[in-house]
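Undergrad: Sequence:
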Amino acid sequence: MKFTDDIKYFLDIKYNQYCRPEFIQHDPISVPKNFDCKEDIEISAFITALISWGRRPSIIAKSNQLMQLMDDQPFQF
Numbered sequence: 077m078k079f080t081d082d083i084k085y086f087l088d089i090k091y092n093q094y095c096r097p098e099f100i101q102h103d104p105i106s107v108p109k110n111f112d113c114k115e116d117i118e119i120s121a122f123i124t125a126l127i128s129w130g131r132r133p134s135i136i137a138k139s140n141q142l143m144q145l146m147d148d149q150p151f152q153f
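Everything in the sequence shown is counted per this note's numbering, starting at 77 for the first residue and increasing by one.
Don't take each hint at face value.
25 angstroms max Cα-Cα, derived DMTMM-like pairs, lysine to aspartate or glutamate [stated by the list, open to error]:
1. K138 x D148
2. K78 x D88
3. K114 x D103
4. K109 x E98
5. K138 x D116
6. K84 x E98
7. K109 x D81
8. K138 x E115
9. K78 x E98
10. K109 x D147
11. K109 x D82
12. K78 x D103
Note that these hints are calculated values from the structure, not bench results.
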């Protein structure tokens, strides 16, 4: 069971490291978190993932710009 315990320990550390509001606000995952509609969340996450290469602030800014071009309703667009 040592292997399983090691994996759980590692995953718990990563969860605590990344699943925090102060991390999320500076990460591209913040873009889909702006939406309530399941379809908007899925589409915005997909579009953000497509352009996710480079600096996180640039990715977030461009993703938000794309969402605005779609009147913040990517599913309806």
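Undergrad: Each hint needs a verdict: does it hold in this structure or not?
TA: So, going through the hints one by one against the coordinates:
For the hint linking K138 to D148, the alpha-carbon distance of about 13 angstroms falls within 25 angstroms, and the restraint holds. Distance check on the hinted pair: K78 and D88 sit about 15 angstroms apart at the alpha-carbon level, within 25 angstroms; holds. A distance of roughly 20 angstroms separates the Cα atoms of K114 and D103; the hinted pair therefore holds under the 25 angstroms criterion. Of the supplied pair hints, the one linking K109 and E98 holds, its CA atoms being roughly 13 angstroms apart against a limit of 25 angstroms.
Distance hint between K138 and D116 is fulfilled; the C-alpha atoms sit about 17 angstroms from each other, no more than 25 angstroms. A distance of roughly 23 angstroms separates the Cα atoms of K84 and E98; the hinted pair therefore holds under the 25 angstroms criterion. Pair hint K109 plus D81 does not hold up; C-alpha atoms about 31 angstroms apart against a cutoff of 25 angstroms. Between K138 and E115, the direct Cα distance comes to roughly 20 angstroms. Compliance with the 25 angstroms bound is thereby established for this hinted pair.
In summary, the hint linking K78 to E98 is not supported, as the alpha carbons are separated by about 32 angstroms, beyond the 25 angstroms threshold. Between K109 and D147 the CA atoms are separated by roughly 16 angstroms; this keeps the pair inside 25 angstroms, and the hint holds. Pair hint K109 plus D82 does not hold up; C-alpha atoms about 31 angstroms apart against a cutoff of 25 angstroms. With a C-alpha separation of about 33 angstroms, the suggested pair K78 and D103 falls outside the 25 angstroms cut-off, and the hint is violated.
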